[in-house]
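Please model the complete structure; the sequences and the hints are all you need to start from.
Start counting the sequence shown at 1; every next residue gets the next number (our numbering).
To be clear, the hints were calculated from the coordinates, so they are not data collected in a lab. Incorrect hints may appear among the rest.
Below are the DSBU-like pairs computed for lysine-lysine, each with C-alpha atoms no more than 35 Å apart in a straight line [stated by the list, open to error]:
hint : residue 1 : residue 2
1    : Lys50     : Lys133
2    : Lys32     : Lys126
3    : Lys54     : Lys96
4    : Lys171    : Lys32
5    : Lys54     : Lys126
6    : Lys50     : Lys126
7    : Lys121    : Lys96
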Amino acid sequence: MKNKLFAVLAAILLVFGAFWCFGGNGGDIVLKERVFFKVKNSLDVQVQGKSEGKVAESIIQLSRTFTWTDSSGQVAASARTAIVSWGTEINVYDGKGTKVGSIEERIFSSWFRTWSTYDIKDASGKQLAVSEKSEWFGTTITLTSPSGAVIAELDRPWINIWSDTWNVYIKKPGVVDNGILVMIAAFKTASDRDHQGDSSSDKTPKKK
1 MKNKLFAVLA AILLVFGAFW CFGGNGGDIV LKERVFFKVK NSLDVQVQGK
51 SEGKVAESII QLSRTFTWTD SSGQVAASAR TAIVSWGTEI NVYDGKGTKV
101 GSIEERIFSS WFRTWSTYDI KDASGKQLAV SEKSEWFGTT ITLTSPSGAV
151 IAELDRPWIN IWSDTWNVYI KKPGVVDNGI LVMIAAFKTA SDRDHQGDSS
201 SDKTPKKK
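Here it is in structure tokens:
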């Protein structure tokens, strides 16, 4: 009896874990991190199930820069960082180089943890959305308008085989430019890779 009960519980946990860890259904925009044949951080992009090129980090710019190149080879959007106090400001541009908005990271600390929130603004500096982030069984970044309406959700499963996968669910189309949504995912993956690299390289020899 105990063995049967254990088997049932294990099956339930397996199904639950698969849903949360591997992301469920695809989003309106899906980004899949490239692992092989890359020099810097890059992710393949799909919009409404159709391949729309890739977003990749530049290897020659002084500041961190990402460019989204569509399936025809044209620039769909670009973004670059401008370091500000207590966080990072990411300016986002369309394919013609016109600024469409910015992503401003704010870092907060307590005795127990450090966390980030994001302010999303249009080209004139007007606030479009703020983010709430959850990292329980994966990463979920929820963008809400000043009135409290959910504009978009970016979900990254808890476990990714080989690479990051982001599903972007757009609840209010047109409020936040797609280029901004793509860049949030790209910069978040790059930032996490930086932190992982710092952790793996911090290996101080122990005294014998």
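Verification of the supplied hints:
no., hint, verdict
1, Lys50 to Lys133, "holds, 27 Å"
2, Lys32 to Lys126, "holds, 31 Å"
3, Lys54 to Lys96, "holds, 17 Å"
4, Lys171 to Lys32, "holds, 21 Å"
5, Lys54 to Lys126, "holds, 28 Å"
6, Lys50 to Lys126, "holds, 31 Å"
7, Lys121 to Lys96, "holds, 19 Å"
Hint check: no violations occur; every hint is consistent with the structure.
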